[in-house]
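4 protein chains.
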Amino acid sequence: MSYNTFGHLFRVTTWGESHGPALGATVDGCPPGVALEARQIQHLLDRRKPGQSRHTTQRREPDEVEILSGVHEGRTTGTPIQLMIRNMDQRSKDYGNIADTFRPGHADITYHQKYGLRDPRGGGRSSARETAARVAAGGIAREALKSLVPDLRITGYMVQMGPHRIDRARFDPAEIERNPFWVPDARAAEDWAKALDQIRKDGNSVGAMIECVASGVPAGLGAPIYAKLDTDLAAAMMSINAVKGVEIGAGMQAAMLTGSENADEIEMGEDGPRYRSNKAGGILGGISTGQEVVLRFAVKPTSSITTPRASILRDGSPTEVITKGRHDPCVGIRAVPVAEAMMSCVLLDHLMLHRAQTGALGPIGQIGS
Amino acid sequence: MSYNTFGHLFRVTTWGESHGPALGATVDGCPPGVALEARQIQHLLDRRKPGQSRHTTQRREPDEVEILSGVHEGRTTGTPIQLMIRNMDQRSKDYGNIADTFRPGHADITYHQKYGLRDPRGGGRSSARETAARVAAGGIAREALKSLVPDLRITGYMVQMGPHRIDRARFDPAEIERNPFWVPDARAAEDWAKALDQIRKDGNSVGAMIECVASGVPAGLGAPIYAKLDTDLAAAMMSINAVKGVEIGAGMQAAMLTGSENADEIEMGEDGPRYRSNKAGGILGGISTGQEVVLRFAVKPTSSITTPRASILRDGSPTEVITKGRHDPCVGIRAVPVAEAMMSCVLLDHLMLHRAQTGALGPIGQIGS
Amino acid sequence: MSYNTFGHLFRVTTWGESHGPALGATVDGCPPGVALEARQIQHLLDRRKPGQSRHTTQRREPDEVEILSGVHEGRTTGTPIQLMIRNMDQRSKDYGNIADTFRPGHADITYHQKYGLRDPRGGGRSSARETAARVAAGGIAREALKSLVPDLRITGYMVQMGPHRIDRARFDPAEIERNPFWVPDARAAEDWAKALDQIRKDGNSVGAMIECVASGVPAGLGAPIYAKLDTDLAAAMMSINAVKGVEIGAGMQAAMLTGSENADEIEMGEDGPRYRSNKAGGILGGISTGQEVVLRFAVKPTSSITTPRASILRDGSPTEVITKGRHDPCVGIRAVPVAEAMMSCVLLDHLMLHRAQTGALGPIGQIGS
Amino acid sequence: MSYNTFGHLFRVTTWGESHGPALGATVDGCPPGVALEARQIQHLLDRRKPGQSRHTTQRREPDEVEILSGVHEGRTTGTPIQLMIRNMDQRSKDYGNIADTFRPGHADITYHQKYGLRDPRGGGRSSARETAARVAAGGIAREALKSLVPDLRITGYMVQMGPHRIDRARFDPAEIERNPFWVPDARAAEDWAKALDQIRKDGNSVGAMIECVASGVPAGLGAPIYAKLDTDLAAAMMSINAVKGVEIGAGMQAAMLTGSENADEIEMGEDGPRYRSNKAGGILGGISTGQEVVLRFAVKPTSSITTPRASILRDGSPTEVITKGRHDPCVGIRAVPVAEAMMSCVLLDHLMLHRAQTGALGPIGQIGS
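Protein chains in written order, with my numbering: chain D, 1 to 369; chain H, 1 to 369; chain E, 1 to 369; chain L, 1 to 369.
Bear in mind the hints are in silico, worked out from the structure with no lab data behind them.
A couple of the hints might just be wrong.
[Stated by the list, open to error] Distance windows between CB atoms, simulated:
id: 1; chain 1: D; residue 1: D167; chain 2: H; residue 2: A310; range: 27 to 35 Å
id: 2; chain 1: L; residue 1: R274; chain 2: D; residue 2: G216; range: 37 to 45 Å
id: 3; chain 1: H; residue 1: L361; chain 2: D; residue 2: P180; range: 23 to 31 Å
id: 4; chain 1: D; residue 1: D100; chain 2: H; residue 2: D197; range: 53 to 61 Å
id: 5; chain 1: E; residue 1: Q52; chain 2: D; residue 2: G74; range: 52 to 60 Å
[Stated by the list, open to error] Some, not all, of what chain L presents toward chain E, calculated at C-beta under 8 Å:
id: 6; residue: H55
id: 7; residue: A169
id: 8; residue: A250
id: 9; residue: E267
id: 10; residue: T289
id: 11; residue: D315
Heads up, the beta-carbon is just placed ideally off N, CA and C, and yes, glycines get one too.
So here's chain D without its partners, still in its complex pose (with noise of 0.2 Å):
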């Protein structure tokens, strides 16, 4: 990974900041062939946009995407893809009052110290605006793995925001695109709307947790050390903004396990070997084993709160800041679609990657007589 690049071989570089004129992916690497329209990328963005329901921003972005190469005639080329989203509600005044003032919780002081400079308006590339051009990307990812894996599903859903968790008990898949909080749980996605109505209403924000299943991926992808397909899916998820903490599996719960507790026993199913449970998150020895691949990451709460917190101005003096603006009260909500990108993008360059060492998309090794 480079400064604002990530992938092996299925390469994505993200540009632009959340108040400048665009932003956008540079996708590198992909399969030729695959076919590919500006509206499948489109869905998955509307999925990701602010104000599709009262608990997320009430910016207004039409979000759209421009394809401006690799792609001819509905098909990819094999060259870079250029997507671009232009900036249209960029409303510089509601940032006017925050260029010399440091916000608790943001990186305006940090890159204030990194680079002697930075754009004020917004957070620059550590607005949640810049996980546009992931989900942009990973749309690409998606329809390149829907023709070399058809099988291959990634879901993505919220278990926990604030205190409030789901019951796993009631998990149904169904409900995760019948609320706006993408959350498998009936009963929780109508406790969380009205936590969530009163966090706004307090000047509050909340964190949260992201799950994200894949099934259907094929034995044999990773490597087993510093490309371990835990390793890169770790890092695409930590690289995404506000996120504190990232888990395959059991996870942390691993380090309160017992071996016999954990070592998931194997037996053989009719159309390869299978597990009793999954606590390995579907990855042993940084290799997937053909189980679901699961992971979960922690969002922290958004900072841009009415709540008063004290701070700085970058000539040391004190100062009280109260961020007004259209922000998220619970920005993990809008994480959803963005680990579902991340993940499809390490999947397909994972396939790329075992594809080149050797010469399938799957396990070479036989099981079985």
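Following the hints, complete the assembly by docking chains H, E and L onto the known chain D.
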């Protein structure tokens, strides 16, 4: 990160299997002129070495490091440094019976599926033994850091073993080097010793949580998007064998917090900005704040246990696996020096990246008049 | 170098086809605080722009560059800079008849073989038009170099067109900007104009040799093995469309020399070592000496000519190809600003690499007392 | 390419100095299951080994390679392969008197300037000895190619030594292995032997030109812009010590040609397209055509000569340098196996890149009905 290389500018490639002739690390991009002798690296290797107490594997490896290149008259020359450790205590017979068996929780099955063949002696690249190469490479990073940022300190320790957590009220850094668990809580050290004896007697193993803290890190290291300091730290830790989750600062708990609880308030200190808390774990927008950089990761319990577990043979037929050999009942213990090594490498790498882009080893934007 | 990215730290990714909606460059890793305005880049693009004289293609492209990110109030912010140039004069009809024809000397056939499909309008990525993006990116590198090493100068010029070489005795740098060939020899400019008119009338084209020289390059840039300064310069030049050979200093002639003729003798000058000759082209062991860095490369003649050439159609049947459209009779002419751009990028990149490793922008080892 | 690593997917990192304890190569990303034994690599090393004839340095190095990892029971496992060669005949005393002297034409002065210190014994990383590691790594690439594309052949040979060129009319590939110059012209071999004896007697040295040809390369390898097959080949060759120029196909001569002379006409052969000439050197638009891939590079004369040359000491005072020791009078001779090794690595790397992106080892677009 390539398959077996990590780092942007300070690049470490580890190589070697647990039961081959040797293992080691190729370290490229080290600053020239750093005072370096084998004994400094040896000292760190000795900390990680098995057999230091009854709580780690009784495999006896001298882990003697040889510097084969890149150092002349006690100074690094700026060219690649090759570190080699010969394997001595290989006892392949311990592994003779597992050539066709897939041990649950191990990478046996995924190696077979990915590569079509594997070295069945020990865990190959996925053995904890690979981490000796990381510790050796980290020793070079540590010496380079010492010359560039003398006040920087990196300290790892255990904070949890299975269900047993440290009591933060008893936190005493001086304890860390006094007990075989590197735990900063003398009482915990005693209790854990008993608990681990029992686990070993039961033919079982247990997971652990490691915390690693860097103080004296200059503000300004990192970058906003894919080379976020937290991204690279997460990737570095997740790349360690058996790690299942990584978090920075408040970490997974950030999902529980409100914005007013989470955003660390800022005030002006004598020599720069100061924060009233450290939920951020020393990183905002992917860039270090100058506070302590704090991370934690979970290590799963060793899968090599003598409790029988159901599995299959290569031909798909069922079997029961009991893994004898000499294994760590809590492999997390030996992950402590590995964490320090990886953090050293990442911080040095980011110091160099920051210096490349800005010319400085710390902040270039001033705060205060 | 990835498919469409070059550079280690100052990383340029170009994108776009000659006949798509736009093309451009994503520039990542630029130092922050560099004064930069679109007009500086525009000035360089105008030099490369087609239609500047009767000796280049009459395609009319305004080549207007738009900076979409990474610059705030006239200074680079340290985040990715997106440069976009809209294609205007696309006249796809010129290319309508070649969708199934493989033009000799073009990449039509290899694109088809590699990707299974191609955008048949123009040369796609292999069009000389792609180099506009390089020139734009090089403009950023040039401004950054100006702020870091003010005395550094990069100058490209033609030294040969077909069989016509310049007379080194008449070499006058002031002439370079005075004629459409960027040739430092006024007489050659006149002669070449006549020769090229004839070639165009004959429906033919001609090759060229470009020389590019950087003066004021500090000693110490580069590295001994795979990141040799000459390696990266060679790769940068060879990556330009139609380039078939690259040489440094004495270059291919070095094969003819004896050791005593070749090794540049050293003496002490007033402000450091001085060399009595420059067979090395300013690079020893992959590292700059402080002398002028001198390279040359050969550009093949444009393959788009109206002289009929035998070829085949996609179905394998024979055909004869006459390429109409508006083409450069000597595409090497427009390679001059491209060479300067690429050299700017490589030198900035190596300055940053050197600064990362040593902390300096030039030599750290002193010579003389 | 990083400082000491080259390759995208088949990544080779060489390490070690000419007079340190050992040198070698870390090879990462090799396909698994490739039959590999040390003796295959040893055979190639023996070809490059000094002291094979009176025309190369009389330094006696057994150059015995040890495989330390990544191979199990005669097959590559897909994990990193460490190749180590111990230095035996180090005779540091030969170099004792040059610790403070900068030898003209050598990297002594630039190492000192870049790193502030250097290992004065031999040429360090810039010694021709480093190329032993390349030959060893290339041996692995060669075996992998053999299993993937059995018909691919790579052959290097000398075509010029100083002013002496081969007579293409006498070109006989069978001669290459019969003489110490690897020259495909028996008469030239005789003449050059006499000429080189004289040069050695004169205390001088001489440059050379190497040609390297790959036949059986599938069409479709490479990419249009920065990962052009010719770019990577040029970089690979230019990275070899003492190389000053590289060309593909018509190469530097392309500057002399007209478009009608240069563009290779295409016709349909029995099993695919055929070309009436090969000015392109087997590469169009950065992508292989299926023709022979042809490159040439110039090697400068050895700078270590006994003819006195003016230079300076570290304190700036003037001196005269006579380099004794045991040196090659024409280091180009031993560059032949190095060229083959580098070409093997690049072609394997590009086969893997192409397979990653398209799933095939050759063209995916059909020609002919």
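The hints, checked one at a time:
For D167 of chain D and A310 of chain H, the hinted distance range of 27 to 35 Å is satisfied, since their beta carbons lie about 31 Å from each other. Checked against the hint of 37 to 45 Å, the C-beta distance between R274 of chain L and G216 of chain D comes to roughly 44 Å, which is consistent with it. The hinted window of 23 to 31 Å between L361 of chain H and P180 of chain D is violated, with their beta carbons roughly 46 Å apart. Distance hint for D100 of chain D and D197 of chain H: a CB-CB separation of about 60 Å, consistent with the stated range 53 to 61 Å.
Take Q52 of chain E and G74 of chain D: their Cβ atoms lie about 37 Å apart, and the range 52 to 60 Å is violated. At about 15 Å, the closest approach between the beta carbon of H55 of chain L and any beta carbon in chain E exceeds 8 Å, and the interface hint on this residue is violated. The criterion of a C-beta within 8 Å of any C-beta in chain E is not met by A169 of chain L, whose closest approach is roughly 20 Å, and the hint is violated. At its closest, the beta carbon of A250 of chain L sits 6 Å from a beta carbon of chain E; the interface hint therefore holds under the 8 Å criterion.
Against a cut-off of 8 Å between C-beta atoms, the interface hint on E267 of chain L holds, since the closest Cβ of chain E lies about 6 Å away. With a least beta-carbon distance of about 6 Å to chain E, the hint placing T289 of chain L at the interface is held under the 8 Å criterion. A distance limit of 8 Å between C-beta atoms decides the matter here; for D315 of chain L the minimum to chain E is near 5 Å, and the interface restraint holds.
The structure fails hints 3, 5, 6, 7 (numbered hints given earlier, in ascending order).
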